[in-house]
Amino acid sequence: MAILQQILFIVTLGSTGFFIRKRVLRIRSNILLGKKKEIKDRGAERLKNMLLVAFGQKKMFKRIIPATLHFFIYVGFLVINLEVLEFVIDGLFGTHRIFAPYLGGLYPVLMNIFEFLAVGVLLACVAFLIRRNILKISRFWSTEMTVWPRLDANLILITEIVLMCAILTMNASDQLLQTRVDHYIPTGNLFFSSHLTSTLQHLSTSALILIERFCWWFHIIGILGFTIYITYSKHLHIFLAFPNTYYANLEAKGHINNMPVVTNEVKSMLGLAPAPTTPAEPGRFGAKDINDLSWNNLMAAYSCTECGRCTSECPANLTGKKLSPRKIMMDTRDRMEDVRKSLEKGEPGLNDGKTLLNDYITKEEINACTSCNACVEACPVMINPLEIILELRRYVAMEESGSPAQWNSMFQNIETNFAPWKFPSSDRYNWAQKS
Amino acid sequence: MNVPTVAELVAKGEKPEILFWVGCAGSFDDRAKRVTQAFVKILNATETKFAVLGTEEACTGDPARRAGNEFLFQMQAMNNIQVLNGYGIQKIVTACPHCFNTLKNEYPDLGGNYEVIHHSTFLQQLINAGKIKLTGGGSFKGKKITYHDSCYLGRANNIYEAPREVLQALDADLVEMKRCRTTGLCCGAGGAQMFKEPEKGKQDINIARSEEALATGATTIAVACPFCMTMMTDGVKNKEKESEVKVKDLAELIAESL
Numbered sequence: 001m002a003i004l005q006q007i008l009f010i011v012t013l014g015s016t017g018f019f020i021r022k023r024v025l026r027i028r029s030n031i032l033l034g035k036k037k038e039i040k041d042r043g044a045e046r047l048k049n050m051l052l053v054a055f056g057q058k059k060m061f062k063r064i065i066p067a068t069l070h071f072f073i074y075v076g077f078l079v080i081n082l083e084v085l086e087f088v089i090d091g092l093f094g095t096h097r098i099f100a101p102y103l104g105g106l107y108p109v110l111m112n113i114f115e116f117l118a119v120g121v122l123l124a125c126v127a128f129l130i131r132r133n134i135l136k137i138s139r140f141w142s143t144e145m146t147v148w149p150r151l152d153a154n155l156i157l158i159t160e161i162v163l164m165c166a167i168l169t170m171n172a173s174d175q176l177l178q179t180r181v182d183h184y185i186p187t188g189n190l191f192f193s194s195h196l197t198s199t200l201q202h203l204s205t206s207a208l209i210l211i212e213r214f215c216w217w218f219h220i221i222g223i224l225g226f227t228i229y230i231t232y233s234k235h236l237h238i239f240l241a242f243p244n245t246y247y248a249n250l251e252a253k254g255h256i257n258n259m260p261v262v263t264n265e266v267k268s269m270l271g272l273a274p275a276p277t278t279p280a281e282p283g284r285f286g287a288k289d290i291n292d293l294s295w296n297n298l299m300a301a302y303s304c305t306e307c308g309r310c311t312s313e314c315p316a317n318l319t320g321k322k323l324s325p326r327k328i329m330m331d332t333r334d335r336m337e338d339v340r341k342s343l344e345k346g347e348p349g350l351n352d353g354k355t356l357l358n359d360y361i362t363k364e365e366i367n368a369c370t371s372c373n374a375c376v377e378a379c380p381v382m383i384n385p386l387e388i389i390l391e392l393r394r395y396v397a398m399e400e401s402g403s404p405a406q407w408n409s410m411f412q413n414i415e416t417n418f419a420p421w422k423f424p425s426s427d428r429y430n431w432a433q434k435s
Numbered sequence: 436m437n438v439p440t441v442a443e444l445v446a447k448g449e450k451p452e453i454l455f456w457v458g459c460a461g462s463f464d465d466r467a468k469r470v471t472q473a474f475v476k477i478l479n480a481t482e483t484k485f486a487v488l489g490t491e492e493a494c495t496g497d498p499a500r501r502a503g504n505e506f507l508f509q510m511q512a513m514n515n516i517q518v519l520n521g522y523g524i525q526k527i528v529t530a531c532p533h534c535f536n537t538l539k540n541e542y543p544d545l546g547g548n549y550e551v552i553h554h555s556t557f558l559q560q561l562i563n564a565g566k567i568k569l570t571g572g573g574s575f576k577g578k579k580i581t582y583h584d585s586c587y588l589g590r591a592n593n594i595y596e597a598p599r600e601v602l603q604a605l606d607a608d609l610v611e612m613k614r615c616r617t618t619g620l621c622c623g624a625g626g627a628q629m630f631k632e633p634e635k636g637k638q639d640i641n642i643a644r645s646e647e648a649l650a651t652g653a654t655t656i657a658v659a660c661p662f663c664m665t666m667m668t669d670g671v672k673n674k675e676k677e678s679e680v681k682v683k684d685l686a687e688l689i690a691e692s693l
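Listed in order, the protein sequences are those of chains A and B.
Number 381 in my numbering belongs to position 381 of the first sequence; there are no gaps in the numbering.
Number 588 in my numbering belongs to position 153 of the second sequence; there are no gaps in the numbering.
Derived from the structure by calculation, the hints contain no laboratory data.
If you're wondering where the values come from, they're calculated on a predicted model, not measured in any experiment.
Ideal placement from N, C-alpha and C gives every residue a C-beta, glycine not left out.
A few of these clues could be false.
Unchecked claim - Under the rule of at most 25 Å between Cα atoms (straight-line distance), these lysine to aspartate or glutamate pairs were calculated in the DMTMM-like manner:
1) Lys322(A) x Asp669(B)
2) Lys637(B) x Glu364(A)
3) Lys635(B) x Glu337(A)
4) Lys62(A) x Glu646(B)
Said to hold, decoys possible - Computed, partial: chain A to chain B, Cβ under 7 Å:
5) Ile256
6) Val266
7) Asn373
8) Glu377
9) Ser426
Please model the complete structure; the sequences and the hints are all you need to start from.
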């Protein structure tokens, strides 16, 4: 029986590992559809950002209620993973609570801490479900929050609740078995699960063993299954928040990336540099599709957990315009997924007749952006939707000359009068002559 | 009004300590021109050795870049950099946060390296150095003033306190809007929106922001950006409050109290 469980566990763990590896490589290749961009500078600052913002949750705490609830789940996730390590070792070697003999008196203390965290996670998830579904906090119900994004969020919360219930039930049956069978190592009464024992104590020993084993398997399969699910879900932020904050922009938020290709051309036009002997790389100006964005923009799209803090701070969105920074990130990810699905079916992928601009994100959306950086400031994991918006605008302006008519007039004014308005440049100093 | 150009100074064999970058709004927009004049009044009163480029100044290219026209931006930037470097300019002050951001953060990529400060920081420095002496407590004593954060000063460049310190020097009662500093709501003009009609929506952004400013009960809305000035002034007019509530730039408030 024990050896059968061991074999079953190894097969489960192995196949999960295999599948997750496949999923991770798929996401990686999607991110690598983006343009190369070397980000190797200022390592210490980047590390600091990662530690403060991802590990330390610094930006979450701008909104204290969700931050506190999220913190319970986050700490629970980090610490309960230690218990999962024990689960995995037990599963592989057919042991039971392998850490107990080594940790001695510390073990029950740890188990109690885990229980507190498990209950914390459980309550926080319930609170989050209430916020989403009963209080209907508006950022969870805006237009881009269609059926799947809302279901995705609820599934994650419900799964976490069920997993925590399994741990508590397992501990409860385990505590009863400790009084009946030698195999079960005493842990003493655990703070929460000991209250569940009264409902289980009329059960036979074999029934309790069955419950304990079921909960053990349920929990570990649940966690492995959840890990696979994450790769299909918005929940990837639990891993990608770390690289995303590490590779986040360190310049002042007002700085827009320079385009060296343009610099070369402008310099030769102004006679400041010889015309380039080799023609400039044939790439597009700006971005029409995901492969025109840089890889870190694409990784950011996978890091987005659709919390909507960006959109709830966006002046355009607040006043009823179609722009939503969260939708920009969701669309970018959806486009990557669609391209990959197409490639996997042997279809043309990027050349499927669709593009990120127009088929996913409309000009009306990108034109409404005031570049105010409210979305960038709001994002707890330092995603920058503005970079994507500006790249799309660059494509529209330079490849299509398709900017709004009033912008085209503004361009014309700058070209001819060196001012965005139609005033002759010779009048520029007139303000000083008066009075 | 004494407004020397760099060319004039150079002809006399002199050089300004600081270049006042006026910007397009400050040069052409009637309301913003009054801010420019107020700032010059302060520069003269504090005996700052400054000069302007006059007709040699051109748009920094900010709206072109933000609307996506990188070619036009870089054409403007390179021409300006040639002029600035030609005169050996080292320090620039400007009353426009958009010019400030572009000159400070974006020109270095193209070979233009200057010490660039916004007039709010400059005014704060003058006050701290005791060069600006405000008369008799000032006419703003005890009056409610609210400050509207410009995105290109605040979030874009982390300048939140300098403008507030300038206002505090007026002895006024500074009241904050609910959205301020890092969460300040944009006036609606950034990202080249100044130069086109907004997209379809429920409300214009400047109206929403003006409502927030009016809700503080302040009789003066202080701004530090010519675009914010236009947007907030229009918003206050839209709410028919222009007779009770004035929108003023920091430089005007200081110049009035000199």
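For each hint, the structure was consulted:
Distance hint between Lys322(A) and Asp669(B) is fulfilled; the C-alpha atoms sit about 23 Å from each other, no more than 25 Å. Among the hinted pairs, Lys637(B) with Glu364(A) is consistent with the structure: their alpha-carbon atoms are about 15 Å apart, no more than 25 Å. Of the supplied pair hints, the one linking Lys635(B) and Glu337(A) is violated, its CA atoms being roughly 30 Å apart against a limit of 25 Å. A distance of roughly 24 Å separates the Cα atoms of Lys62(A) and Glu646(B); the hinted pair therefore holds under the 25 Å criterion.
Of the supplied interface hints, the one on Ile256(A) holds, with its beta-carbon coming within about 6 Å of a beta-carbon of chain B, less than 7 Å. The restraint placing Val266(A) at the interface with chain B holds, with a minimum CB-CB distance near 4 Å, inside the 7 Å limit. A hinted interface residue such as Asn373(A) counts as satisfied when its beta carbon comes closer than 7 Å to some beta carbon of chain B; here the least separation is about 4 Å, so the hint holds. A hinted interface residue such as Glu377(A) counts as satisfied when its beta carbon comes closer than 7 Å to some beta carbon of chain B; here the least separation is about 5 Å, so the hint holds.
Here the hint on Ser426(A) is kept, as its CB sits about 6 Å from the closest CB of chain B, short of 7 Å.
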